[in-house]
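We have chain G already, so just place chain P on it with the hints.
Chains as they are written, first to last, in the working numbering: chain G, -18 to 389; chain P, 66 to 145.
Everything labelled a hint here was simulated from the structure, so no lab data went into it.
Calculated cross-link-like contacts (lysine to aspartate or glutamate; reagent style EDC-like; alpha-carbon spacing at most 20 Å):
hint	chain 1	residue 1	chain 2	residue 2
1	G	Lys108	G	Asp211
2	G	Lys232	G	Asp370
3	G	Lys49	P	Glu137
4	G	Lys49	P	Glu82
5	G	Lys49	P	Glu140
6	P	Lys67	P	Glu137
7	G	Lys116	G	Glu192
8	G	Lys108	P	Glu82
9	G	Lys116	G	Asp211
10	G	Lys49	G	Asp16
11	P	Lys67	P	Glu82
12	P	Lys67	P	Glu140
13	G	Lys49	G	Asp383
14	G	Lys232	G	Asp58
15	P	Lys67	G	Asp16
Covered stretches of chain G (in silico footprint by chain P; criterion: 3 or more residues with CB under 8 Å from a CB of chain P, positions within the stretch not fixed):
hint	stretch
16	6 to 19
17	94 to 102
Non-contacting residues of chain G with respect to chain P, defined by C-beta distances greater than 12 Å in every case (computed):
hint	residue
18	Ala57
19	Asp58
20	Arg155
21	Gly157
22	Ala161
23	Leu177
24	Tyr183
25	Ser236
26	Leu239
27	Ala283
28	Leu287
29	Ala302
30	Gln344
31	Gln362
Cβ coordinates follow ideal geometry from the N, Cα and C atoms, glycine included.
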Amino acid sequence: MSLNLVIVGAGPAGLAAAWSASQSKANVTLIDQYDQAGGQIWRGGTHAAPKRYQHLFAQQTELRYLNKTHVIGANADHLFLATPNGPQQLAFDRVILANGARELFLPFPGWTLPKVLGVGGLQALVKGGLPIAGKNVVVAGSGPLLVAVASQLKQRGAIVKAVVEQAPLGQLLRFGRSLAGYPSKIGQAAQSIAMLRNTPFYPNTWVVAAEGAGAVQQVRLSNHHSIECDYLACSWSLIANTELAQQLGCKLEHSFVLVDRGQQTSVNHIYAAGELTGIGGEDKAIVEGQIAGFAATGNYQAASQLAHKQAQARQFSQQLATSFALRPELRQLAQANTLVCRCEDVTFEQLQNQPSWRSAKLQTRCGMGVCQGRVCSSATQYLFGWGQDSVRFPIHPVSVADLVMESV
Amino acid sequence: MKQIHISINGTRYQVAEHSNLAAVLMTNAIANRRSVSGEPRMAVCGMGSCGECRVTINQQAHQLACLQQCSEGMEVQCEP
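Chain P extracted, bound-state conformation:
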């Protein structure tokens, strides 16, 4: 499988091309966001309905990681 590079919160990761972004975040135990009361959250439904996996991709906020395939140079930013 072809390997590509993406950046998550400024760190470079090598991943298989077309990996699902929510899967990559969960593999690396990176919380996508903090809830209103400060809980770390990761993907739940995996099919674009719950919104828990939302991240900023290439400066575009509120993108659902579970609907995204990783592509070369993708810049992902999670909520701190």
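If we strip away everything but chain G, and leave its shape as in the complex, we get:
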């Protein structure tokens, strides 16, 4: 009987894992919450992906793709799924977690106004048909994603009024010089920068408030500039979606899933790849995905041949983390009446005297809404140093009907 391998997430890491695994005789099931594979980077299908991944779905392989499916929990040998056709239990021998990262949103006055959204969020909606040509956009926060997305938006005709980066210029220059070690990144960076040559870029600067009636109309910056805009795209960092890994018992280190050289987590037969193990983008996701796919199917020699690339990708990831570390001033952005938990509308003032995440949840309902703390737990971790104490089933909101079926 062949091995049942389940891969969670069909972005670059998951697809790379599926490709490597398909070189062996494993039964591969690939799960994703979207209709089409590709994840955030190759969004909306695999046509943006390298050819070998496009072929994955065309060949007569053992690959089964469960789309529009959320993993809502797990035990030692089953994943619990919410699929469009109802709940399902899926037995596994091995799992590769490749369910990526989300953006970190820090609260500031006006951040809950309509049309203030994530940088990746705006990118996703534009790819999904949001007309951006002729619209005034401010892109703010931190990280290489700002420049990458700003240049894509400009290419589609957006008027990018400013790119606002909180990291100091010296740090950015050091990061720029370090790119010399990563030829593929230099090309990408050069393209984006060329696209943005007439766009104001403010390093060492951050958004202090978004203002407007009904939707954002103006953004105020720490350098005392005010900019009128139709959209504010804002993201401070990326955070790994570790909830499922935690439910499976995998150890974390600094909020990322801890893995060995074969991408195996602290739990036997559970592997992790891509942003889950450290933010590093497409190249890291692909090489880690490939290694996880090989290692999980016993193809250790093929996995070990990628060790050099893996080490390089991890080094780049470390460089990113240090270059774009968040400055302490950002903790002061929220005012007393600024909402921190946007599901339950809990203000900064209601939270600042709480001793812990648990107490905040019990006393104020912070983190008890639809996002289940996905937005505010990371924000409060940064603002108050709180940590989440446990991850409970179901890890994704699910209908009662699905839950009832799950327990019979």
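What follows is chain P alone, placed relative to chain G:
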């Protein structure tokens, strides 16, 4: 691109087939929901984690618009 029709809060809209529903709502400046304290809200993360874009689709409550492609005849209801 093939055009299709969906209904949002009872009004008919012509949209490109496979458009992302959260993108359609934002294009038309339609708030997906009202927050606990009455603020209008629209999509934020665009990738299925924040839940701000939730709407009722074909009578099914709490569907995330950012994970939905528009399809012919889709009936979307936002929180009033």
